[in-house]
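Student: Go ahead and model the full structure; you've got the sequences and the hints to work with.
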Amino acid sequence: MSLLRPTAILLEKELRSELRSRELITTTFVFVLMVLVLFSFTFDPTSTESRRFGAGLLWLALLFAGSLMLHPSFTREQTNDTLAALRMAPLDPVAILAAKILANFCFLLLTEMILLPVFAALYNLRIIGVLAPLFLVMALGTLALSTVGTVFSAVSSYARMRELLLPLLLLPLLTPALIASAEATSGLLDVSPSLSISWTAFLAAFDIIFLTVTWLFGEYLLEE
Amino acid sequence: MDTASPKSASPGVAVEFQHIDKRYGAVFALRDVSLTFGAGECVALVGHNGSGKTTLLRIAALLARPSGGLLRFSGDGMEATGGDIAAKRRIGLVAHHTLLYDELTAEENLILFARLHGLDHPQQRASAALGPANLSRRARDPVRTFSRGMRQRLAIARALLPGPGLLLLDEPSTGLDAAGQEWLGEVLVGLSKDGCTIVMSTHGRRDADGLVTRAVRLAAGRIQEDSGPGGNPDRVLASALAGSEGS
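Residue numbers (the working numbering), protein chains in the order written: chain A, 1 to 224; chain B, 1 to 247.
You may find that some hints are simply not true.
[What the hints assert, rightly or not] SDA-like mimics (lysine to any residue), calculated; alpha carbons at most 20 Å apart, straight line:
| no. | chain 1 | residue 1 | chain 2 | residue 2 |
| --- | --- | --- | --- | --- |
| 1 | B | K88 | A | S192 |
| 2 | B | K193 | B | Q181 |
| 3 | B | K88 | A | V94 |
| 4 | B | K88 | A | G218 |
| 5 | B | K88 | B | P66 |
| 6 | B | K88 | A | R5 |
| 7 | B | K88 | A | L221 |
Rather than coming from a laboratory, the hints here were simulated on the basis of the structure.
Tutor: Now the structure itself:
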């Protein structure tokens, strides 16, 4: 069986499960919304101030919400040891990781797309003219967050103190991607918005490297 | 209860453990275990809690990598070592946990695993598997609404779905009522007649009565007794049962 077919089957299972429980999307949505609302009260969200702080604030909120969402990715497979059933199936184990990465990417991106207008309204920013490049940057940054987060969720799922371990592993590795995401987003929120090719290319390279590493070593990440 | 047995398994798969060690840190769960289960054998693994039964089954199910030694599968033209996808196609497992998704329905669970095993007509196979397990009427209900016994029957139906040549069962009668245990017995007899290799861990004689052709007793990760292929498993089963009652 190729990688695509089992990945599609497992992605469908992930989406179906989440649409039924809505646990991850709801938690992430509420968390990011609370952070954005709270910070909108801590400083005067004029356009000038928001352009300075908005991008960093948005990605910080997404990082914490992401780590909150990514943690149960593998731990909820432990309830009935369903990961064992997946590992016993005659498929490339990378498909299990790929489906989780794609599912987390979809959940995070969906949350971001719902919250982006709220962010623009609360922080007095105009994003209509830069929607396409903003979507590109958000997608690349979210893919980085989902890939690294899902991989470390798998690594930490069998560990003691896993709730603490995931952010500890995640934050240092994601720092370069977050800086690039914040810088690229900041350029798009500027008075004369422009897409930073260098930061966007950096994000794309980050994604390609981590996806390749996951593809190469994914089999070993899921072993007990 | 509908007692029809599932469609026959694929021809039996032999499994060979060569000097298998399994360590968790400094603790040995298995130590130098060498066993060969021939195609079509029905083996009972007996021993106290912590004797290594579950670890041996998880190694045979390719879920745990041995710390040392070699695992080989053969049968029906297949030669595979641990981890081969060819071997995965032929192994079924009923574990301590149900290996089922609580938020999916019984039917969705079976369809998911049928599709992952690359089986044709997953919908029909799922329906066909639910009937004998007496779960047809609850096919569209989420597994989280099932009783422990119903979950166990579904877990057994899931393990049988691909028609395994090697069926591994870890205390399979857990949670089953008398009718469920009777159904399980009939399923295992049917599979055994079809040549499926069955290896099950058990604490009680009831699981093993009239079915097993061989019994292996483990203690502290080592083989203590093995009735051997073609031998009489009753003495090993009786001594294990006496030991567990005594303890």
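Student: So, for every hint listed, does it hold in this structure?
Tutor: Results for each hint:
no.	hint	result
1	K88(B) x S192(A)	violated (58 Å)
2	K193(B) x Q181(B)	holds (18 Å)
3	K88(B) x V94(A)	holds (15 Å)
4	K88(B) x G218(A)	holds (18 Å)
5	K88(B) x P66(B)	holds (16 Å)
6	K88(B) x R5(A)	holds (17 Å)
7	K88(B) x L221(A)	holds (18 Å)
Hint compliance for this structure: hint 1 is the single one not met.
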